[in-house]
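These protein sequence lines map, in sequence, to chains A and B.
Mapping the first sequence onto numbering that gives the first Met the number 0, position 216 (from 1) lands on 215, and the numbers just tick up by one.
Mapping the second sequence onto numbering that gives the first Met the number 0, position 336 (from 1) lands on 335, and the numbers just tick up by one.
Watch out, some of these pointers could steer you wrong.
[Said to hold, decoys possible] Per label pair, the in silico range of CB-to-CB distance:
no.	chain 1	residue 1	chain 2	residue 2	range
1	A	Val-55	B	Gly-262	33 to 39 Å
2	A	Pro-81	B	Ala-241	28 to 34 Å
3	A	Asn-59	B	Asp-248	31 to 37 Å
4	A	Tyr-297	B	Lys-413	30 to 36 Å
5	B	Asp-36	A	Asp-71	37 to 43 Å
6	A	Asp-71	B	His-162	48 to 54 Å
7	A	Pro-298	B	Gly-262	29 to 35 Å
8	A	Ser-123	B	Arg-13	14 to 20 Å
9	A	Met-315	B	Thr-309	41 to 47 Å
10	A	Pro-125	B	Gly-431	18 to 24 Å
[Claimed, not checked] Residues of chain A placed beyond 12 Å of chain B at every Cβ, according to the derived structure:
no.	residue
11	Asn-124
12	Pro-269
13	Met-315
[Claimed, not checked] Derived pair list, reagent style DSBU-like, types lysine-lysine, alpha-carbon separation capped at 30 Å:
no.	chain 1	residue 1	chain 2	residue 2
14	B	Lys-102	A	Lys-63
15	B	Lys-370	B	Lys-41
16	A	Lys-70	B	Lys-370
17	B	Lys-250	A	Lys-313
18	A	Lys-99	B	Lys-106
19	A	Lys-99	B	Lys-438
20	B	Lys-57	A	Lys-70
21	B	Lys-102	A	Lys-60
22	B	Lys-250	A	Lys-60
23	A	Lys-247	B	Lys-413
24	B	Lys-413	A	Lys-246
25	B	Lys-424	A	Lys-313
26	B	Lys-250	A	Lys-316
27	B	Lys-255	A	Lys-296
28	B	Lys-424	A	Lys-99
29	A	Lys-316	B	Lys-258
30	B	Lys-250	A	Lys-296
31	B	Lys-102	A	Lys-99
32	A	Lys-92	B	Lys-57
33	A	Lys-92	B	Lys-255
34	A	Lys-296	B	Lys-370
35	A	Lys-92	B	Lys-438
36	A	Lys-99	B	Lys-57
37	A	Lys-92	B	Lys-68
38	B	Lys-68	A	Lys-70
39	A	Lys-92	B	Lys-370
40	A	Lys-246	A	Lys-63
Note that these hints are calculated values from the structure, not bench results.
In this text, a Cβ means the ideal position worked out from N, Cα and C, and glycines have one as well.
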Amino acid sequence: MNNFGVIEVAGTATKATPGWAYVPDTGPALPVALQPKNRKRAARNQPGLSLSDLTVRQENKLRKDLEALNKDNHRDVSIPIPHKTGGSRPQNKHTPNVRKILQSQKTFANHLDDYQALLALAESNPAAVVNNPLLFLNKPLTPVSAATPAKSASPAAPTPPAEKAGGSKRSAAAAKRAAAKEKEEERKRAKMAASKPEPVPPPEPLQEEDVEMVDIPPPGDKEEEKEEERAAPSYYPPDGSILPAYKKPPPAPHPGDNDPLLVSVVPSFPTDEELRALMTAPPLSYMEARASFGEEKYPTRVFCEMCGYWGRVKCMKCGVRVCGLDCLEGHREECVTRYGL
Amino acid sequence: MAPGRKPKSAGPARPSSTLILDNGADTIKAGFVTDDDSTTDKAPRIVPNCIARDRHHKTYVGSELERCKDFGEIAFRRPVEKGFIVNWEAQKEIWDRAFFDDKAPQKCDPSTTRLVLAEQPNSLPALQTHCDQIVFEEYGFSSYYRGIGPSFNAYQDIQAIFHTPRTPDTIIDVPAEVILLIDSGYSHTTVTPILQGRPLQPAIRRLDVGGKLMTNHLIRLLSVRHFDMRNETYIVNEMKEAACYVSLDFKGDLDKMWKGTRGERREDYATGGSIAKDYVLPDSHTRFHGIVRNHEPGAAARARKSAVSTEDILTLRNERFSVPELLFNPTDIGLRQPGLADLVMQSLSVLPVGLWPGLLANIVVVGGNAKFDNFIQRLQVELLERVPDECVVRVARPEDPIVSTWLGAANFAKHEHADRLAVTKQEYEEHGAAWVARKFALGLGINT
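Full structure from sequences and hints, please.
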């Protein structure tokens with residue numbers, strides 16, 4: 000990360016002020032290369048783009064267009080809360096928290112920036128945010144006991160693709176952080192397991208406030224169920240405590256059942272541990288859940304700006320796509336006046 | 000139920016009535032569930048979640064919008080951004096008028112009510128905390144659960160949506176064993192695989208295409224091709240809902256709607272080729288809502304010329320299908336995100352392959368965008384191209400996809416899961432907001 004030699008000094012007293020926020024320089028972030036730094040041959044040097052022919056100006060136009068498409072109103076309007084006519088509601092006093100929330104004029108973008116800044120701060124200076132509850136609200140510090148053995152038991156537990164991609168340093172570091180946390184937990188768990196002889200350790204509140212714990216299915220139940228299900232053919236998914244097995248009688252046998260040509264591939268059913276890990280995994284952050292392109296690449300489709308048909312012809316002045324001469328003429332009338340080219 | 004669970008000793012008994020709130024960016028779906036079935040709402044009341052101001056500077060809050068007759072140049076202030084409640088000043092006003100005022104249509108006494116609030120997945124912690132604080136500190140609900148909206152859908156009779164043949168004595172699984180829920184709403188579209196009512200959090204994916212983006216895209220297309228509609232969000236939104244559909248053959252439809260090269264007048268273009276529609280705009284005197292008509296060549300031109308005609312007619316051609324096409328090809332407007340079918344595949348790619356058949360055979364689409372014609376058919380076709388041959392792909396939408404989440408949440412409120420997950424006011428006061436947020440984030444855990 001190039002932040003021009005400026006080192007962020009993190010104090011414990013971070014003030015949330017509406018309207019602005021420290022935004023970490025995370026390199027090319029979400030809108031990749033929407034504002035290319037190197038304006039020279041930006042179109043050609045786009046890393047993620049193929050088959051597109053965007054100039055810097057078009058990129059900027061695209062960005063503005065997308066921003067406009069996400070607006071609620073075309074114009075910026077501010078609609079105040081109308082006065083109550085009846086005044087029927089008892090005006091109770093707000094608590095300080097509520098007053099702060101009601102007065103906040105932050106937009107979603109502000110909140111998102113704050114959150115990203117917080118994450119970046121946690122990465123660069125973990126000591127500064129160790130007591131900030133916001134960071135850990137959706138990443139529980141003390142995972143449910145049911146989840147933890149599962150995680151350690153299945154090394155093949157799927158990792159979120161954001162981490163798999165490992166494109167940005169931030170996500171790599173986040174993964175590292177998670178890994179470190181997990182290791183620590185594992186150590187704790189090992190300690191716990193050593194001290195207690197039961198096969199599955201009961202929920203142990205590592206932190207006082209985390210009272211809500213989830214019970215572990217008694218092992219006895221599972222075995223009983225399995226005995227009932229003996230009749231089911233062996234290729235059915237095994238009965239787990241999470242997803243019950245197929246209870247209905249198997250379909251009538253068919254002479255072609257053993258024909259190797261007709262056999263279909265049945266993927267192996269995930270184990271209980273895998274399922275448990277998935278079902279108790281903490282939520283991803285807002286940025287991680289956003290879908291982005293992975294390996295799949297499709298050619299960009301271009302459309303006529305005028306009529307919406309395929310954009311087969313480019314205006315030589317501004318590069319806008321049109322479908323044919325009719326639309327090109329229509330476009331030219333505006334092309335000059337609109338951009339003054 | 001777990002045998003060893005300690006009963007809820009702290010606090011009073013479970014409140015008898017539950018307010019179910021699906022607080023969408025466009026509309027709030029609200030209704031009560033009580034112990035007594037006769038007073039339980041069968042369907043939610045739908046309240047616009049906005050403060051609107053028309054061109055005469057009259058302001059409408061929430062359901063007052065029904066009284067508005069002239070939707071020309073109406074401007075909206077929405078408390079929900081990107082699916083999350085951001086502006087509590089506005090949201091509180093709308094809630095107050097809907098639930099807590101003396102004359103509120105759905106009067107509710109928070110101190111004896113449980114609140115079940117649906118939120119979008121992957122929210123920001125700060126926003127979640129704000130929400131919890133307002134619910135307890137401002138309104139003082141006696142008990143509260145904030146859960147992600149998609150997973151509430153699992154508490155419905157999912158197999159009825161698919162019309163799965165079954166014997167009358169089949170036991171309906173609540174929550175459904177396995178579904179892949181696609182929620183395509185006003186702000187965005189999310190894909191959530193759900194197992195036994197528990198969302199598989201690592202596999203939740205979001206596509207930033209929603210109803211708002213599509214309406215705004217349609218506005219842009221119309222403003223270039225017909226009239227300047229940039230201030231007519233409401234009217235264009237109605238037009239989108241009435242006239243747009245998902246094309247099953249995008250290339251073919253686009254070709255049909257092409258006027259042809261210079262001098263050429265293609266027949267399909269001239270006659271409308273069963274795709275073009277005339278849309279009569281509201282004039283806010285006699286007509287308050289637009290009307291869709293079959294395309295009649297020359298009608299628009301005639302209406303424009305004649306002095307007596309009071310109709311403004313727009314001919315919608317490829318706008319009808321190129322707008323919902325954004326859900327399947329967001330790159331068409333330069334948004335670098337995969338389309339809906341690829342979104343589903345990305346979500347599946349995180350999960351073990353053994354789960355794929357179950358998820359693919361139970362895809363439910365909810366949210367307002369599911370109402371587009373051919374939406375589910377198109378999704379099914381696109382998914383079939385991408386998944387292994389052996390997989391059965393079933394895509395379905397509930398009868399009313401908009402209230403589906405609410406109906407699911409209403410069933411959830413009657414389910415024992417609600418008692419396990421809800422947090423009482425005492426617990427909030429005792430443990431604080433961070434504890435509550437963590438408890439909600441942990442969810443149900445595994446306990447079968």
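Structure-based check of each hint:
1. Evaluation of the 33 to 39 Å hint for A/Val-55 and B/Gly-262 yields a pass: the beta carbon distance comes to about 37 Å.
2. The hint said 28 to 34 Å for the Cβ distance between A/Pro-81 and B/Ala-241, and at roughly 30 Å that hint holds.
3. With their beta carbons about 35 Å apart, A/Asn-59 and B/Asp-248 fall inside the hinted range of 31 to 37 Å.
4. Taking 30 to 36 Å as the suggested C-beta distance range, the pair A/Tyr-297 and B/Lys-413 does not conform, at roughly 45 Å.
5. At about 39 Å, the beta-carbon gap between B/Asp-36 and A/Asp-71 stays in the expected band of 37 to 43 Å.
6. Restraint check, A/Asp-71 to B/His-162: a C-beta distance of roughly 38 Å breaks the suggested window 48 to 54 Å.
7. The supplied range of 29 to 35 Å is met by A/Pro-298 and B/Gly-262, whose beta-carbon atoms lie about 30 Å from each other.
8. At roughly 46 Å, the beta-carbon separation of A/Ser-123 and B/Arg-13 lies outside the given 14 to 20 Å, and the hint is violated.
9. Between A/Met-315 and B/Thr-309 the CB atoms are about 44 Å apart, so this pair conforms to the stated range of 41 to 47 Å.
10. With their beta carbons about 22 Å apart, A/Pro-125 and B/Gly-431 fall inside the hinted range of 18 to 24 Å.
11. The claim that A/Asn-124 is not at the interface with chain B holds, since no C-beta of that chain comes within 12 Å of its own (minimum 19 Å).
12. Against chain B, the non-interface label of A/Pro-269 is violated: not every CB pair exceeds 12 Å, the least being about 4 Å.
13. A/Met-315, annotated as away from the interface, keeps every beta carbon of chain B farther than 12 Å; the closest lies near 18 Å.
14. At roughly 44 Å between alpha-carbon atoms, B/Lys-102 and A/Lys-63 are farther apart than 30 Å, so this suggested pair is violated.
15. This hinted pair checks out: B/Lys-370 and B/Lys-41 have alpha carbons roughly 21 Å apart, not beyond 30 Å.
16. Taken as a hint, the A/Lys-70 and B/Lys-370 pair is honoured in the structure, with Cα atoms around 23 Å apart against an allowance of 30 Å.
17. Taken as a hint, the B/Lys-250 and A/Lys-313 pair is honoured in the structure, with Cα atoms around 20 Å apart against an allowance of 30 Å.
18. Between A/Lys-99 and B/Lys-106 the CA atoms are separated by roughly 27 Å; this keeps the pair inside 30 Å, and the hint holds.
19. The straight-line distance between the Cα atoms of A/Lys-99 and B/Lys-438 is roughly 24 Å, inside the 30 Å bound, and the hint therefore holds.
20. For the proposed pair B/Lys-57 and A/Lys-70, the alpha carbon gap of about 22 Å is at most 30 Å, so the pair holds.
21. Restraint check for B/Lys-102 and A/Lys-60: not satisfied, since their Cα atoms lie roughly 49 Å apart, outside the 30 Å limit.
22. As the CA atoms of B/Lys-250 and A/Lys-60 are separated by approximately 26 Å, the hinted pair is consistent with the 30 Å bound.
23. Proposed proximity of A/Lys-247 and B/Lys-413 is supported: the alpha carbons are some 28 Å apart, at most 30 Å.
24. Taking the CA atoms of B/Lys-413 and A/Lys-246, the gap is near 27 Å; set against the 30 Å cutoff, the hint holds.
25. Proposed proximity of B/Lys-424 and A/Lys-313 is contradicted: the alpha carbons are some 63 Å apart, above 30 Å.
26. For the hint linking B/Lys-250 to A/Lys-316, the alpha-carbon distance of about 28 Å falls within 30 Å, and the restraint holds.
27. Of the supplied pair hints, the one linking B/Lys-255 and A/Lys-296 holds, its CA atoms being roughly 27 Å apart against a limit of 30 Å.
28. Proximity of B/Lys-424 to A/Lys-99 is assessed by CA-CA distance (about 20 Å); at most 30 Å being required, the pair is judged to hold.
29. Between A/Lys-316 and B/Lys-258 the alpha-carbon distance is near 24 Å, which keeps this suggested pair within the 30 Å criterion.
30. Pair hint B/Lys-250 plus A/Lys-296 holds up; C-alpha atoms about 19 Å apart against a cutoff of 30 Å.
31. For the suggested pair B/Lys-102 and A/Lys-99, the alpha carbons sit about 28 Å apart, so the restraint of at most 30 Å is met.
32. Restraint check for A/Lys-92 and B/Lys-57: satisfied, since their Cα atoms lie roughly 29 Å apart, inside the 30 Å limit.
33. Annotation: proposed proximity of A/Lys-92 to B/Lys-255 is violated, straight-line Cα distance about 63 Å (limit 30 Å).
34. Taking the CA atoms of A/Lys-296 and B/Lys-370, the gap is about 29 Å. The hint holds against a cut of 30 Å.
35. Taking the CA atoms of A/Lys-92 and B/Lys-438, the gap is about 28 Å. The hint holds against a cut of 30 Å.
36. In summary, the hint linking A/Lys-99 to B/Lys-57 is supported, as the alpha carbons are separated by about 29 Å, within the 30 Å threshold.
37. For the suggested pair A/Lys-92 and B/Lys-68, the alpha carbons sit about 37 Å apart, so the restraint of at most 30 Å is broken.
38. Simply put, B/Lys-68 and A/Lys-70 have alpha-carbon atoms about 24 Å apart, close enough for the 30 Å limit, and the pair holds.
39. For the hint pairing A/Lys-92 with B/Lys-370, the CA-to-CA distance comes to about 44 Å; that exceeds 30 Å, so the pair is violated.
40. Distance check on the hinted pair: A/Lys-246 and A/Lys-63 sit about 56 Å apart at the alpha-carbon level, beyond 30 Å; violated.
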